[in-house]
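K.L.:
Take a look at the letters that make up each chain.
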Amino acid sequence: MSKKDIIICRCEDITLQQIHDLMDQGYTTFEDLKRLLRVGMGSCQGNTCGHLIQREISKHFNIPIEEVEIHKVRPVTTGVLIKKIAEDLDDES
Amino acid sequence: MMKANILIIGAGISGVSVAYNLAKKGVQGIYVIDKGYFTNGSTGRCGAGVRQQWATENNCILAKKSMEFFEKAKEILDYDDDLELKQEGYLILATSKKEHNEFTKNVKLQNKLGIPSHQLTKSEALKIVPHLNPDAFISATYCPSDGHLNPFKMSEAYYLAARKLGVTFSFFEEALSIETKDKKIVQVRTNKNVYQVTKVINVAGGYAQEIGAMAGVEIPVYSEKHEILATEPIEKIQGPMVMSFSKNIYCQQVPQGAFLMGRGNPDAVKSHDMESSWQFLDEMAKTVTDIMPLIGNLHVIRQWGGSYNMSPDRQPIISDTDQLDGFYMGCGFSGHGFMFAPMTGLLLSEMILGEESTVDLSTLSLDRFKDFSYKKIEKSVV
Chain P
1024 MSKKDIIICR CEDITLQQIH DLMDQGYTTF EDLKRLLRVG MGSCQGNTCG HLIQREISKH
1084 FNIPIEEVEI HKVRPVTTGV LIKKIAEDLD DES
Chain W
5 MMKANILIIG AGISGVSVAY NLAKKGVQGI YVIDKGYFTN GSTGRCGAGV RQQWATENNC
65 ILAKKSMEFF EKAKEILDYD DDLELKQEGY LILATSKKEH NEFTKNVKLQ NKLGIPSHQL
125 TKSEALKIVP HLNPDAFISA TYCPSDGHLN PFKMSEAYYL AARKLGVTFS FFEEALSIET
185 KDKKIVQVRT NKNVYQVTKV INVAGGYAQE IGAMAGVEIP VYSEKHEILA TEPIEKIQGP
245 MVMSFSKNIY CQQVPQGAFL MGRGNPDAVK SHDMESSWQF LDEMAKTVTD IMPLIGNLHV
305 IRQWGGSYNM SPDRQPIISD TDQLDGFYMG CGFSGHGFMF APMTGLLLSE MILGEESTVD
365 LSTLSLDRFK DFSYKKIEKS VV
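Taken in sequence, the protein lines are chains P and W.
In this text, residue positions in the first sequence follow the working numbering: the first is 1024, and each later residue adds one.
In this text, residue positions in the second sequence follow the working numbering: the first is 5, and each later residue adds one.
Treat the hints with care, since some could be wrong.
[Said to hold, decoys possible] Think about it this way: if two alpha-carbon atoms lie no more than 25 Å apart in a straight line, the pair counts; the simulated DMTMM-like pairs of lysine to aspartate or glutamate are:
#1 1107(P) - 279(W)
#2 1026(P) - 84(W)
#3 1095(P) - 177(W)
#4 39(W) - 1089(P)
#5 157(W) - 1089(P)
#6 78(W) - 1089(P)
#7 69(W) - 359(W)
#8 240(W) - 1035(P)
#9 1107(P) - 177(W)
#10 1095(P) - 279(W)
#11 290(W) - 1047(P)
#12 76(W) - 286(W)
#13 68(W) - 324(W)
#14 1107(P) - 139(W)
#15 102(W) - 382(W)
#16 1095(P) - 277(W)
#17 168(W) - 1044(P)
#18 1107(P) - 294(W)
#19 78(W) - 1035(P)
#20 290(W) - 1111(P)
#21 78(W) - 1054(P)
#22 112(W) - 364(W)
#23 196(W) - 1047(P)
#24 157(W) - 1079(P)
#25 251(W) - 61(W)
#26 1107(P) - 287(W)
[Claimed, not checked] Quick partial rundown of chain W residues pointing at chain P, CB under 7 Å, derived from the structure:
#27 290
#28 307
#29 357
Hints listed in this document are in silico derivations from the structure and should not be mistaken for laboratory results.
Beta carbons: idealized from backbone N, C-alpha and C, even for Gly.
Can you build the whole structure from these sequences, using the hints too?
P.N.:
Printed below as a string of structure tokens:
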């Protein structure tokens, strides 16, 4: 199967080919890839692509996978309605 | 030991811009170091807005000339990808008569300098952004050529162009000390290298004060945390960035579809902290549902923090210094280093090469704080 047809990030529709292209250009970390391709910025917060990309970086640069850092995990864990946050604030006060 | 002509500390937007500008003028032996990954600092954490509506002449001129560059940047830098420049304006809300009157003055200044902003009535503003809460503001200003630009892509465009011109970049390389003798720079030590170099450019963003201190140069800037959240992407419903200084919010829909919104913390302390807080989430949710209730129907999916590098008058320091020969700085942008970067790079390159300056530098110099009266503080900051 062509690398162009393998989706690595389902939130942002990023293919294995795009990941490899950037690594070939000299970008070495998940954080680099995230900023240029938006991998890990979607609604799953990198839960799908995180480990796949970690493995690709490991293979590409020949680094043991446990030494490949994944991106910083940010809040929120799951999507939350903005108005719900604002409304709940009213309940508390 | 490495011999360098110029060492640039910081590969954020200011660093890549000055590297590009110098290299384009034929300077060789330029090295750029950054202590983290590509766009790890303030550039990669900013709200991706570019605006020209300011209250001081300085900032208006820097912003306007920078925008002229952004409009042609893809061609000038020969960048293959899309910079995602979207010029659909900034709509800035006035929430009191006092603010309305200040904005009248601002628009007059902006127009004098060639910035096409104008004041709008409430109903005119509602035509541009129909989901505004009509009770949350009294009037607005609007500049149609302001807008959005992708900070990662813009940085990459400069970075690739600079590399093509022979600039050497090194990431995960941190400056540890700057050694000087008789008011001259001798060498810079990093965690990876020692550079024999007589010219250093401090464009270290949130860490500009510390880099200055390493060289014995006192720079009156500090960092404070500002936060942003992003929502799920949806179909396009909002053209301009909506902003209010008095309500402490900016909020735009980026071309990818997500809404980005941010605010400052009025009680922020001097710090390099960049962690996300639930307090921000609460305040942001409250503010955005007040001015644009419809946005409350979106899910927040991500939040992050970054540093504003604050100067005493909230305007940049683009300067050399009589404290140390060969030491230059572009810092203290107070949250707006991204949108001024083309001028930061141009002005520093002119200064270093002894060329005539495109703009008057006296109001950007470090020396302005020697007899500083706090009269011309930029108030148009969130």
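K.L.:
Tell me, which hint numbers fail for this structure?
P.N.:
Hints 5, 6, 9, 11, 12, 29 contradicted; others consistent.
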